[in-house]
Amino acid sequence: MSLTKEQIAQRIARELREGYYVNLGIGIPTLVANYIPVGMNVVLQSENGLLGMGPFPFEGEEDPDLINAGKQTITTVPGSVFFDSAMSFGMIRAGKVNLTVLGAMEVSERGDIANWKIPGKMVKGMGGAMDLVASARNIIVAMMHTNPRGESKLLPSCTLPLTGVGCVKKIVSDLAVLDITPAGFKLLERAPGVSVEEIQSKTAGKLLVEGEIPEIVFYD
Amino acid sequence: MNKVVNGADEAIRDIPDGATLMLGGFGLCGIPENCIAALVRKGVRQLTCISNNAGVDDFGIGLLLKQKQVKKMIASYVGENAEFERQLLSGELEVELIPQGTLATRCLAAGYGMPAVFTPAGVGTEVAEGKETRQFNGKAYLLEMAFEADFAIVKAWKADTEGNLVFRETARNFNPLMAMAGKITIAEVEELVPAGELNPDHVHTPGIYVHRVFRGTSFEKRIEQRTVRKKA
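Note that the protein sequences, when read in sequence, are chains A and B. Residues in the first sequence are numbered from 192 upward in steps of one, following our numbering. Residues in the second sequence are numbered from -10 upward in steps of one, following our numbering.
For the record, the hints were derived by calculation from the structure and aren't laboratory data. Any given hint might turn out to be false.
[As the list claims (entries may be wrong)] Here are the computed lysine-lysine pairs in the DSSO-like style, where the Cα-Cα straight-line distance is at most 30 Å:
{"no.": "1", "chain 1": "B", "residue 1": "K61", "chain 2": "B", "residue 2": "K31"}
{"no.": "2", "chain 1": "A", "residue 1": "K196", "chain 2": "B", "residue 2": "K220"}
{"no.": "3", "chain 1": "A", "residue 1": "K393", "chain 2": "A", "residue 2": "K287"}
{"no.": "4", "chain 1": "B", "residue 1": "K220", "chain 2": "B", "residue 2": "K61"}
{"no.": "5", "chain 1": "A", "residue 1": "K360", "chain 2": "A", "residue 2": "K308"}
{"no.": "6", "chain 1": "A", "residue 1": "K312", "chain 2": "B", "residue 2": "K172"}
{"no.": "7", "chain 1": "A", "residue 1": "K315", "chain 2": "B", "residue 2": "K61"}
{"no.": "8", "chain 1": "B", "residue 1": "K31", "chain 2": "A", "residue 2": "K312"}
{"no.": "9", "chain 1": "A", "residue 1": "K308", "chain 2": "B", "residue 2": "K120"}
{"no.": "10", "chain 1": "B", "residue 1": "K60", "chain 2": "B", "residue 2": "K219"}
{"no.": "11", "chain 1": "A", "residue 1": "K287", "chain 2": "A", "residue 2": "K377"}
{"no.": "12", "chain 1": "B", "residue 1": "K128", "chain 2": "A", "residue 2": "K397"}
{"no.": "13", "chain 1": "A", "residue 1": "K361", "chain 2": "B", "residue 2": "K128"}
[To be verified] To list a few chain B residues with every Cβ distance to chain A over 10 Å, as calculated:
{"no.": "14", "residue": "D3"}
{"no.": "15", "residue": "T9"}
{"no.": "16", "residue": "R30"}
{"no.": "17", "residue": "R34"}
{"no.": "18", "residue": "Q35"}
{"no.": "19", "residue": "L78"}
{"no.": "20", "residue": "E81"}
{"no.": "21", "residue": "A110"}
{"no.": "22", "residue": "V116"}
{"no.": "23", "residue": "K120"}
{"no.": "24", "residue": "E121"}
{"no.": "25", "residue": "P183"}
{"no.": "26", "residue": "N188"}
{"no.": "27", "residue": "P189"}
{"no.": "28", "residue": "P195"}
Yeah, the Cβ is synthetic: ideal placement off N, Cα and C, and Gly gets one too.
Construct all of the structure, not just a fragment, from the sequences and the given hints.
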């Protein structure tokens, strides 16, 4: 069984550590906030100018001046702070944010990422993604292993315009957990019931398989 | 030196066709909606707009796009506007997409009197095409130029009559940066108080950067994505 979007987020949440400052992108990455281990102090950075992002407001308590980078209404938490966009990307560029989680259309075996443009079809812009991937030391990509036509999104080289070069460290897909190494995608864990052969067949880039590959374990 | 003007129409009175404008805001949060409405009324055309986003079809910069008042848009993310996409794909609108941090920093550079900055964002991508690249400590950076804008139009929460500005929550975003970067900076605010009523320690943008200020008469503050949770 491939992982649901919630399970991808749940698995990524296991990469969080006490005291981390974390930037979560739009889509599956946003769901990671729902799985921060109880008692762990993690501060969420929203690049539109907030450290200490809280949950959605209760109905009737929405504040139009308080949104996240996905333009959703949110809340603050005790200790939150606001700042302007230059400082926001300043702290990202200076490497103060410990972990960045974002989505991707394609990732290459060298850690290149493409997620902002499909020529002739879709031009939405890169937003903050290029700044994040150029500076973050620890980047995890949350993505589907294949596109809706069943074609691999883990490639030898990206075919779409790049967002960043050689920056992705780890991928959590619906099928597997993989590290990006100098030798290619290294398979670390597989979704429950998904075989190494299936992952191999759906990974177009170079896949390294060493020894027994454990299944992803969910504790709750 | 009187910076207080009567309203949005007076504030933007001398913005000519072909002007380069900076417009504050992130999505629809913290946008100068009174001045945008006045620009639509004035019908000024051939504008170059520098703003993080392009509004939605019927609000924010989307209103200027709908009237075909924008010649060129410089932004980081434009995914929420169908009319924008239509004009872009049909070639009516010129668009320059740049990384969000680069957008912020090019405003900052202008306000700090620096001609350019180096940033790693976009190295190895099409954003780097035609730009000087330099290595520092083994890492590549792009040279990005400070913006030059004829007018910066920002929205603040409070101001005093000296033009000192205070922003609120995430409606701050690009507003203080653009306020520093315009040759002429116009601020529309929710509350305008006499000099002396703001705590000098709490001012975000010193009034030296602000040329015109007025209390906006209408703040719809439209929410783009209303997300809530139920009370338990």
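Here is how each hint holds up against the structure:
1. At roughly 18 Å between alpha-carbon atoms, B:K61 and B:K31 fall within 30 Å of each other, so this suggested pair holds.
2. With a C-alpha separation of about 25 Å, the suggested pair A:K196 and B:K220 falls inside the 30 Å cut-off, and the hint holds.
3. Restraint check for A:K393 and A:K287: not satisfied, since their Cα atoms lie roughly 35 Å apart, outside the 30 Å limit.
4. Between B:K220 and B:K61 the CA atoms are separated by roughly 45 Å; this puts the pair beyond 30 Å, and the hint is violated.
5. About 22 Å separates the Cα atoms of A:K360 and A:K308, which keeps this hinted pair within 30 Å; it holds.
6. Among the hinted pairs, A:K312 with B:K172 is inconsistent with the structure: their alpha-carbon atoms are about 37 Å apart, more than 30 Å.
7. With a C-alpha separation of about 16 Å, the suggested pairing of A:K315 with B:K61 holds against the 30 Å cut-off.
8. As the CA atoms of B:K31 and A:K312 are separated by approximately 34 Å, the hinted pair breaks the 30 Å bound.
9. Among the hinted pairs, A:K308 with B:K120 is consistent with the structure: their alpha-carbon atoms are about 20 Å apart, no more than 30 Å.
10. Between the alpha carbons of B:K60 and B:K219 the distance comes to roughly 44 Å, so the proposed pair goes past 30 Å and is violated.
11. This hinted pair checks out: A:K287 and A:K377 have alpha carbons roughly 27 Å apart, not beyond 30 Å.
12. As the CA atoms of B:K128 and A:K397 are separated by approximately 26 Å, the hinted pair is consistent with the 30 Å bound.
13. For the hint pairing A:K361 with B:K128, the CA-to-CA distance comes to about 21 Å; that is within 30 Å, so the pair holds.
14. Its beta-carbon lying about 27 Å from the closest one in chain A, B:D3 satisfies the requirement of being farther than 10 Å from that chain.
15. The claim that B:T9 lies off the interface holds: its Cβ sits roughly 19 Å from the closest Cβ of chain A, which is beyond the 10 Å cut-off.
16. Consistency note on B:R30: stated as away from chain A, and its beta-carbon is indeed over 10 Å from all of that chain's, at 24 Å minimum.
17. For B:R34, the shortest C-beta to C-beta distance to chain A comes to about 24 Å, beyond the 10 Å cut-off, and the non-interface label holds.
18. At roughly 22 Å, the least C-beta separation between B:Q35 and chain A is larger than 10 Å, which holds for a residue marked as non-interface.
19. Listed as outside the interface, B:L78 is inconsistent with that label: its C-beta sits roughly 8 Å from the nearest C-beta of chain A, within the 10 Å cut-off.
20. Remark: the non-interface label on B:E81 is consistent with the geometry, its nearest Cβ contact in chain A lying 14 Å away (cut-off 10 Å).
21. Non-interface call for B:A110 relative to chain A: violated, since the shortest CB-CB distance, roughly 4 Å, does not exceed 10 Å.
22. Its beta-carbon lying about 7 Å from the closest one in chain A, B:V116 breaks the requirement of being farther than 10 Å from that chain.
23. At the 10 Å boundary, the C-beta of B:K120 stays outside the reach of chain A, the nearest C-beta of that chain being 13 Å off.
24. At the 10 Å boundary, the C-beta of B:E121 stays outside the reach of chain A, the nearest C-beta of that chain being 16 Å off.
25. With a cut of 10 Å on Cβ distances, B:P183 stays outside the contact zone with chain A, its closest approach being about 24 Å.
26. With a cut of 10 Å on Cβ distances, B:N188 stays outside the contact zone with chain A, its closest approach being about 17 Å.
27. With a closest Cβ-Cβ approach of about 19 Å to chain A, B:P189 is found to remain outside the 10 Å limit, as its non-interface label requires.
28. Listed as outside the interface, B:P195 is consistent with that label: its C-beta sits roughly 14 Å from the nearest C-beta of chain A, beyond the 10 Å cut-off.
Checked against the numbered hints above, the structure breaks hints 3, 4, 6, 8, 10, 19, 21, 22 and satisfies the rest.
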